[in-house]
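So the sequence lines, in the order shown, correspond to chains B and D. All residue numbers for the first sequence refer to the working numbering, where the first residue is 1 and numbers rise by one. All residue numbers for the second sequence refer to the working numbering, where the first residue is 209 and numbers rise by one.
Treat the hints as calculated values from the structure; they're not laboratory data. Please read all numbers here as calculations on a predicted model, not as lab measurements. Misleading hints may appear alongside valid ones.
Unchecked claim - Quick look at which bits of chain D chain B covers, simulated, 3 or more residues with Cβ under 8 Å:
id: 1; segment: 235-241
id: 2; segment: 248-261
id: 3; segment: 270-277
id: 4; segment: 296-306
id: 5; segment: 311-319
Every residue, glycine too, gets a C-beta built ideally from N, C-alpha and C.
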Amino acid sequence: MGHNHHHDHDDHSHLSGIELRVRALESILVEKGYVDPAAIDALVETYEVKVGPRNGAKVVAKAWADPDYREWLRTDATAAIASLGFIGRQGEQMVAVENTPDQHNMVVCTLCSCYPWPVLGLPPVWYKSAPYRSRAVLDPRGVLAEFGVHLPETTRIRIWDSTAEVRYLVIPMRPDGTEDMSQEALAELVTRDSMIGTGLARQPEAMR
Amino acid sequence: MSRYEDMARVAAEVAPIPRGDDGEPVFREPWEAQAFAMTLALYERGLFTWTEWAAALSGAIKQAQTAGDCDDGSTYYQHWLSAIEQLVSDKGIASEQALAARRDAWDRAAHATPHGQPILLDNDPLR
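Could you build the full structure based on these sequences and the hints that come with them?
If you want it as structure tokens, here you go:
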């Protein structure tokens with residue numbers, strides 16, 4: 001990688017007004033012993049599964065089924081995704097990266113804030129972990145193997161580093177044998193991990 | 209989750225929480241789930257009753273509406289957060305001034321943290 005998405009004068013972190021309020025409140029409550037941060041994390045994780053990456057799955061299914069939409073997603077993912085009503089509140093730019101037989105895409109970031117919430121909901125805990133980020137960069141094939149994904153040696157793996165300004169959505173490859181499926185049925189094949197790049201879309205037979 | 213449904217029921221008397229197509233609760237950003245989880249944790253510690261919570265949430269929503277809130281559901285958890293801040297202040301745990309000072313500290317900490325590293329309160333240069 002080695003590229004830097006930031007301007008020189010802006011290479012620091014930023015918290016939105018609402019994030020400042022939440023952090024201020026939580027840190028005081030923790031200090032005074034009113035809440036246990038581990039308990040808060042556990043609760044957040046419980047509800048994480050309730051958010052689900054359904055919005056992103058709808059985007060991917062539409063891209064699979066509708067070539068015009070797919071082209072729009074390639075050229076202006078922010079607008080194409082917003083057209084379905086999924087709009088980020090922080091003005092972040094969305095970029096869709098498409099998996100092909102030649103290239104598999106995987107997304108990382110150390111900060112939980114660098115995650116496409118409007119399409120994927122809350123980030124999984126492993127996504128925020130330091131080992132995931134460092135290993136995804138150094139040994140992407142090893143990380144994928146741990147997720148149960150084994151790609152052909154000829155498939156290149158490209159890592160995309162999220163920033164506060166740019167968030168990536170992986171468009172997984174459409175499984176074979178899905179030509180007759182509706183967009184709703186296709187969306188069921190699209191897992192969260194397949195849109196981060198640590199998984200593949202489900203096979204239709206796995207749904208029966 | 210029954211604890212969750214208890215809370216949803218109380219909130220529904222004031223304003224129903226946002227839910228997805230399938231009836232499951234929806235949080236659009238991590239902070240919304242954090243605000244929700246803090247309320248649940250404080251309630252379980254006995255810091256306030258459901259009646260007090262309903263009154264605080266109702267007050268926060270009325271205040272926002274008076275101030276011209278768009279009232280389309282997108283600001284729901286902002287009201288939720290205002291309600292907790294109010295209760296925490298009323299109960300003498302953290303005054304409005306203490307919360308404001310801590311927000312400033314987090315803001316300085318964020319600016320002092322290079323992108324890509326965890327933002328810690330200890331990064332605040334004035335701390």
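Okay, the hints, checked on the actual structure:
1. Check result for the segment 235-241 of chain D against chain B: holds, 6 residues qualifying (beta carbon to beta carbon below 8 Å, three or more required).
2. Closer than 8 Å: that is the beta-carbon criterion, and the segment 248-261 of chain D has 5 residues meeting it against chain B, so the requirement of 3 holds.
3. With 0 residues bearing a CB less than 8 Å from a CB of chain B, the segment 270-277 of chain D misses the requirement of three and the coverage assertion fails.
4. Check result for the segment 296-306 of chain D against chain B: holds, 4 residues qualifying (beta carbon to beta carbon below 8 Å, three or more required).
5. For the segment 311-319 of chain D, the proposed coverage by chain B is satisfied: 6 residues have a C-beta within less than 8 Å of a C-beta in that chain, meeting the threshold of three.
Taken one by one, the earlier hints fail for this structure only at number 3.
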